[in-house]
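Chains A and B, in that order, are what the protein sequence lines are. Residues in the first sequence are numbered from 1 upward in steps of one, following my numbering. Residues in the second sequence are numbered from 1 upward in steps of one, following my numbering.
Don't read these hints as lab results, they were simulated from the structure. There could be a bad hint or two in this list.
Stated by the list, open to error - If we take Cβ atoms under 8 Å as the criterion, some of the chain B residues that face chain A in the derived model are:
no., residue
1, Leu-14
2, Thr-16
3, Asp-17
4, Ala-18
5, His-55
6, Leu-57
7, Thr-59
8, Ile-90
9, Glu-93
10, Val-95
11, Pro-100
12, Phe-102
13, Ala-106
14, Ser-248
15, Val-250
16, Ala-251
All values derive from a computational prediction rather than experimental measurement. Glycine included, C-beta positions come from ideal geometry on N, C-alpha and C.
2 protein chains.
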Amino acid sequence: VVNSPYHKDMFQLLKTDAVVEGVHFSPDTPLASVGWKALCRPISDIAATGGIPRHALITVAAPSYWKRNDWISLYRGIGKATLSFELSVIGGETVRSPGPLFISVALVGYARKEHLRLRSGGHPGDLICVTGRLGGSFTSGRHLRFHPRLREGLWLSQQKGVTAMMDLSDGLGSDLPKLASASGCSFQIAFEKIPLNRGCSIQDAVSDGEDYELLFTLQPPKRKSLLEKWSSLFPRLPLTCIGQLTASSVASTPIASGYDHLKA
Amino acid sequence: VVNSPYHKDMFQLLKTDAVVEGVHFSPDTPLASVGWKALCRPISDIAATGGIPRHALITVAAPSYWKRNDWISLYRGIGKATLSFELSVIGGETVRSPGPLFISVALVGYARKEHLRLRSGGHPGDLICVTGRLGGSFTSGRHLRFHPRLREGLWLSQQKGVTAMMDLSDGLGSDLPKLASASGCSFQIAFEKIPLNRGCSIQDAVSDGEDYELLFTLQPPKRKSLLEKWSSLFPRLPLTCIGQLTASSVASTPIASGYDHLKA
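Please take these sequences and the hints and turn them into a complete structure.
What follows is the structure in structure tokens.
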């Protein structure tokens with residue numbers, strides 16, 4: 001986040017993210033899905049701040065055996081994502097990779113200063129809420145075809161009482177402690193309230209990661225009206241309150257940590 | 001290049017560039033040098049447009065065996081470059097690489113609209129000029145410690161008669177045809193005028209690549225005054241006119257193509 005770009009009331013957002021063969025996708029993943037995922041991950045990050053992505057730079061380190069059709073497949077996925085979320089690829093680079101396929105995406109976006117939401121905005125007593133359902137992203141293949149919550153994040157950032165927000169990329173068990181810590185709080189979770197994807201256990205929902213749902217905190221008095229508006233605007237996407245931030249002097253609910261790319 | 005950021009008279013410049021172990025540096029290259037090179041390559045690109053880099057996003061895919069000291073070494077080189085060229089690292093990402101070390105840098109910079117120089121600005125008759133000396137960048141290790149021509153590019157972009165500019169990253173034999181083609185011209189080169197690094201042949205200077213010198217075109221009437229000012233401002237850096245753009249109907253001087261990362 002850096003100061004004003006086009007307007008003194010705006011922040012400019014810069015986000016970079018990379019996917020690596022063997023870490024974020026397997027060698028037999030269709031390249032169109034790889035392209036979609038590479039672009040949608042940083043879109044999800046910007047969405048979770050209440051921002052709008054506009055420009056993308058894409059760097060591809062491709063194995064030397066790549067043929068024309070491989071590039072076409074990859075860019076079919078990238079192109080689909082840019083169309084779906086209305087951004088432009090304005091540059092990039094291709095290099096040869098002696099190892100796995102590697103794609104790095106840098107996004108430039110914008111947010112109104114008054115609407116920007118960070119991890120650090122939460123206060124003790126705020127409700128902890130999540131969009132959608134959690135768990136099983138890898139086994140179901142959802143991590144390759146998810147839709148970043150761009151409209152939802154933008155709308156939430158404009159609602160009074162939404163104090164902190166982030167996207168769930170590493171898993172609730174890893175991301176919630178980050179949000180709470182950035183807000184100077186501890187947290188209490190009602191595990192039985194966590195919305196689960198079909199076939200998933202609570203443990204899966206906590207630790208699988210790559211849900212790309214929104215995790216946000218909400219002042220309790222705003223709960224009823226926000227849930228009502230939400231269900232009329234986004235009727236097919238659940239919104240669930242699963243716990244509460246507490247003073248940092250209280251011990252947090254013990255929660256298994258989520259997926260950590262560097263340790264995995 | 002996208003329209004105005006902070007000011008209607010400015011362009012915002014976005015550039016991404018990547019270095020890969022085994023392509024741009026070897027496994028035994030000191031990591032501080034790798035960090036320096038990773039940052040200085042896109043700085044050189046922005047310098048060659050007459051722009052100023054401001055913010056950097058850095059993505060590192062590091063082998064899983066990396067220790068704390070490896071990160072410190074890498075960021076020593078990155079930090080040295082940000083201090084030398086006055087830019088800020090404002091974000092980035094680290095992921096695990098199952099293969100080689102991979103570093104992708106995205107830079108955001110600015111240029112005054114009237115000063116922006118592109119490859120496409122040349123006209124038949126313009127002189128072709130280069131800064132510094134060419135060739136031998138890999139064998140001498142110069143590709144790991146070069147200084148992007150930031151002050152020089154900024155100054156050149158402000159001089160009347162400088163019509164097109166780019167940096168020499170792939171080698172004169174590959175880059176000059178790109179500049180000429182973007183300008184809709186052919187070119188004539190006097191090979192014996194190409195400024196050579198010690199121990200280098202003309203062939204080396206044409207095809208080695210990674211010189212990171214500036215290649216630009218100049219209206220002939222401005223030659224004398226520009227060379228005079230140059231030698232008082234930058235007394236230790238040669239500036240040499242090596243040829244001329246011609247109408248596209250004329251055949252270009254045959255020139256061996258330079259280094260191509262994808263084909264190498």
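Consistency of the hints with the structure:
no., hint, verdict
1, Leu-14, "holds (6 Å)"
2, Thr-16, "holds (4 Å)"
3, Asp-17, "holds (6 Å)"
4, Ala-18, "holds (5 Å)"
5, His-55, "holds (6 Å)"
6, Leu-57, "holds (4 Å)"
7, Thr-59, "holds (5 Å)"
8, Ile-90, "holds (6 Å)"
9, Glu-93, "holds (6 Å)"
10, Val-95, "holds (5 Å)"
11, Pro-100, "holds (5 Å)"
12, Phe-102, "holds (5 Å)"
13, Ala-106, "holds (3 Å)"
14, Ser-248, "violated (26 Å)"
15, Val-250, "violated (32 Å)"
16, Ala-251, "violated (30 Å)"
The structure does not agree with the numbered hints 14, 15, 16 stated previously, though it agrees with the rest.
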